[in-house]
Structures are given as structure tokens and as C-alpha cells.
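The chain contents come next:
Number of protein chains: 2
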Amino acid sequence: MSVMEIGKELVVLCQQGKNLEAIEKWYHPDVVSVEACAMPEMEQIQRGIEAIKKKNKWWFENYEVRSGELRGPFPHGDRFALWFKTDVTCKQTKQRMTLEQVALYTVENDKITKEEFFYSMEG
Amino acid sequence: MSVMEIGKELVVLCQQGKNLEAIEKWYHPDVVSVEACAMPEMEQIQRGIEAIKKKNKWWFENYEVRSGELRGPFPHGDRFALWFKTDVTCKQTKQRMTLEQVALYTVENDKITKEEFFYSMEG
Numbered sequence: 001m002s003v004m005e006i007g008k009e010l011v012v013l014c015q016q017g018k019n020l021e022a023i024e025k026w027y028h029p030d031v032v033s034v035e036a037c038a039m040p041e042m043e044q045i046q047r048g049i050e051a052i053k054k055k056n057k058w059w060f061e062n063y064e065v066r067s068g069e070l071r072g073p074f075p076h077g078d079r080f081a082l083w084f085k086t087d088v089t090c091k092q093t094k095q096r097m098t099l100e101q102v103a104l105y106t107v108e109n110d111k112i113t114k115e116e117f118f119y120s121m122e123g
Numbered sequence: 124m125s126v127m128e129i130g131k132e133l134v135v136l137c138q139q140g141k142n143l144e145a146i147e148k149w150y151h152p153d154v155v156s157v158e159a160c161a162m163p164e165m166e167q168i169q170r171g172i173e174a175i176k177k178k179n180k181w182w183f184e185n186y187e188v189r190s191g192e193l194r195g196p197f198p199h200g201d202r203f204a205l206w207f208k209t210d211v212t213c214k215q216t217k218q219r220m221t222l223e224q225v226a227l228y229t230v231e232n233d234k235i236t237k238e239e240f241f242y243s244m245e246g
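So the sequences go chain by chain: B and D.
1 is the number of the first residue of the first sequence in our numbering; add one for each residue after it.
124 is the number of the first residue of the second sequence in our numbering; add one for each residue after it.
Simulated from the structure, these hints should not be mistaken for lab results.
Among these hints, one or two may not hold up.
No farther apart than 27 Å at their CA atoms in a straight line, the calculated lysine-lysine pairs in the DSS-like style are these [to be verified]:
1. D/Lys-208 - B/Lys-85
2. D/Lys-131 - B/Lys-85
3. B/Lys-114 - D/Lys-214
4. B/Lys-85 - D/Lys-237
5. B/Lys-111 - D/Lys-237
Modelling step: build the complete structure from the supplied sequences, incorporating the hints.
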């Protein structure tokens, strides 16, 4: 599989809301997930596929996605990038937010070994 | 300067067409520029600020930018990313193209030491 093909498959599954299936299929057991900063209930770095599945479940339990836009994948060597913008509502506070970011994925032997999220909290 | 501030300054200068001024101001003398692939008249890796200024001059001599869209900067540690889409015309062939990519910049001691461009030539 090329990095581009893996990127495309990841995008298709995530756009169908099948994030956990995407992680199961394409993430390496020792994958590392790095946010741009720590969040109140989430450490900046998560290690291992189980931690990342838990992070995804936490996200979907707490936020409702109202709409989204996505561009990519954009490949470069063993990495690919996505740009996306998501309008979400925090289920608990009913606060609406627009999240816009670049995600950078590293692929080794047909598995994603790292995901890094680029964004600013400046609003 | 924060990585975010340097990113914002780079964006402002480039949107004003002042790419060479941006390079002069924010790029490290030993900066490395890496394309997603080699191009007919341009090697994949360019090293040093003079090579990168030359690459930029070559670009503007050969392509006319008709319009563009840009999002970012999106920071993460000592790096920031931009997403952009540019409609250009090749001056020689008159061929029109839309280029869409993510650019990833690494900052050390307030200077950009690496720029990496993520895109696909698949069309």
C-alpha cells in the first residue's frame, strides 16, 4: 500500500464515522498520538492503540459533530497530512466550537505509527 | 517570538507577494526545503537560503498566480503547518493548474530551518 492509499482509506472510514474501525485497521499497536497542547481531560501524548481508541470514544461521547470539511490526503515520503474543519457541540455545556487543524500521520510498514495535530487555541 | 507569531508574519509577507523578503527575514542560512517529489527543473531537496531564494525566483518567473486560498498557521511545538490552494498559469505553456498542499515549517531559535511540502501529483 502507498502512503496515499492508506491516507485515502483513513479519510473514507473517518468520514463515515467509522473512526474506531479505521484505527483498528490502519494503526500500529504502538502508535503515538500527539496533540498541540494538553486538554483539561486529555494528556498531550497518548501511547498505544488502546489509549487512542479510548481517546476517540471519549471525543464522540462528549462532542457532537454538526458539520465538517476535509482536504487531503497530501503525501510526502512516509507521511501524509490532512486539513480539516469541524463544527462541534460539547454535549455537556451545549457550547458550539469550530475546530480547524492540520493532522500529520507517519506510516511505517503499512501502519500508522504516529498522528500529530496542529492547531491554535487562540480562537 | 512564538512559532505562531513567525507563522503569521510569514503568511502576511507571502500574501503580499513578498516571498523573498519573508525568506530573508525568517529563514535560517542553512534552511532545507523538501518537495514531495522532484520536478523536471527542480531537485527535490534544496539546501541553503540562496538556493531557496533562487527556487522562489524561478517559480515566479515561470508561473503566474491567478488566485489563492490559505488557512493557518497551525502550530505544534517547534513546527507550524499551512494549507493552501493556488490557481496558477504556466507562463510558457499557458497551462492552468490548481496546486493544493500542506506546508510544514520547523522553527529553531526564531528562524525557519526546514520547509516541507505535502501534495500529490495524481491530479
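Status of each hint after checking the structure:
1. Between the alpha carbons of D/Lys-208 and B/Lys-85 the distance comes to roughly 16 Å, so the proposed pair stays at or under 27 Å and holds.
2. Note on D/Lys-131 and B/Lys-85: the hinted pairing holds, with a Cα-Cα distance of about 19 Å set against a maximum of 27 Å.
3. With a C-alpha separation of about 40 Å, the suggested pairing of B/Lys-114 with D/Lys-214 is violated against the 27 Å cut-off.
4. Restraint check for B/Lys-85 and D/Lys-237: the C-alpha separation of about 26 Å stays at or below 27 Å, so the hint holds.
5. Distance check on the hinted pair: B/Lys-111 and D/Lys-237 sit about 26 Å apart at the alpha-carbon level, within 27 Å; holds.
Checked against the numbered hints listed earlier, the structure breaks hint 3 alone; every other hint is satisfied.
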